[in-house]
Amino acid sequence: LPDDYVPDASQKLHLYRRLSRLQDAGDVQDLFEEVTDRFGTPPAEVERLLLAARFRLLGRALGLSTVRVTGDRARVNFRDDAAPRLTALQNAMHDQQIDVEVRRTMPLSLVLHRL
Numbered sequence: 014l015p016d017d018y019v020p021d022a023s024q025k026l027h028l029y030r031r032l033s034r035l036q037d038a039g040d041v042q043d044l045f046e047e048v049t050d051r052f053g054t055p056p057a058e059v060e061r062l063l064l065a066a067r068f069r070l071l072g073r074a075l076g077l078s079t080v081r082v083t084g085d086r087a088r089v090n091f092r093d094d095a096a097p098r099l100t101a102l103q104n105a106m107h108d109q110q111i112d113v114e115v116r117r118t119m120p121l122s123l124v125l126h127r128l
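Position 103 (the sequence shown) corresponds to 116 in our numbering; numbering is contiguous.
To be clear, the hints were calculated from the coordinates, so they are not data collected in a lab. Do not rely on the hints blindly, as some may be mistaken.
Okay, derived cross-link-like pairs now, SDA-like style, lysine to any residue, Cα gap no bigger than 20 angstroms in a straight line [claimed, not checked]:
#  : residue 1 : residue 2
1  : Lys-25    : Phe-45
2  : Lys-25    : Ala-57
3  : Lys-25    : Asp-40
4  : Lys-25    : Asp-50
5  : Lys-25    : Glu-47
6  : Lys-25    : Asp-43
7  : Lys-25    : Leu-62
8  : Lys-25    : Pro-55
9  : Lys-25    : Thr-49
10 : Lys-25    : Leu-63
11 : Lys-25    : Ala-66
12 : Lys-25    : Phe-52
13 : Lys-25    : Ala-74
14 : Lys-25    : Glu-58
15 : Lys-25    : Leu-44
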C-alpha cells in the first residue's frame, strides 16, 4: 500500500491483516469498496494487491499450494489432497495459448508457458 494512498502505518497494518483474512471474492470486493470510500480511487499498486488476493483465493479453491512466476513461465503446485482434472486444465490453457507441462511428481505440478 503506497504511503501517499494510506499514509498512516496503523491503518496500513490493519488493511494488510484484513487482506490476509479474506475468505472469498465478496470479501475482496468489500475491501475494494471500503478503501475506495476511505482513501479515494485506488492506485495500480492497490489494484494489483487486491487482484493477487483474488488469485490466492481462486488457487485455494482449485487445490493449489504454491504458484511461482519467473519471467514468462509459471510453476503451479497442487496440494497433496487435490484431484485436478488435468485434461480440462490443459484444454483451457491451450485455448489461452499457454503450453502446459504436467509433472506427475508429489506434489503434482504444472509448468505453464505462454506460446
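Results of checking the hints against the structure:
1. Lys-25 - Phe-45: Within the cut-off at roughly 14 angstroms; holds.
2. Lys-25 - Ala-57: holds (16 angstroms)
3. Lys-25 - Asp-40: holds (17 angstroms)
4. Lys-25 - Asp-50: holds (15 angstroms)
5. Lys-25 - Glu-47: With Cα atoms ~13 angstroms apart, Lys-25 and Glu-47 stay inside 20 angstroms; holds.
6. Lys-25 - Asp-43: holds (16 angstroms)
7. Lys-25 - Leu-62: Holds: Lys-25 and Leu-62 sit about 13 angstroms apart, inside 20 angstroms.
8. Lys-25 - Pro-55: holds (14 angstroms)
9. Lys-25 - Thr-49: holds (14 angstroms)
10. Lys-25 - Leu-63: holds (14 angstroms)
11. Lys-25 - Ala-66: Holds - the C-alpha atoms of Ala-66 and Lys-25 are around 16 angstroms apart, at most 20 angstroms.
12. Lys-25 - Phe-52: holds (11 angstroms)
13. Lys-25 - Ala-74: violated (27 angstroms)
14. Lys-25 - Glu-58: Status holds; Cα separation ~13 angstroms.
15. Lys-25 - Leu-44: Holds, at about 13 angstroms.
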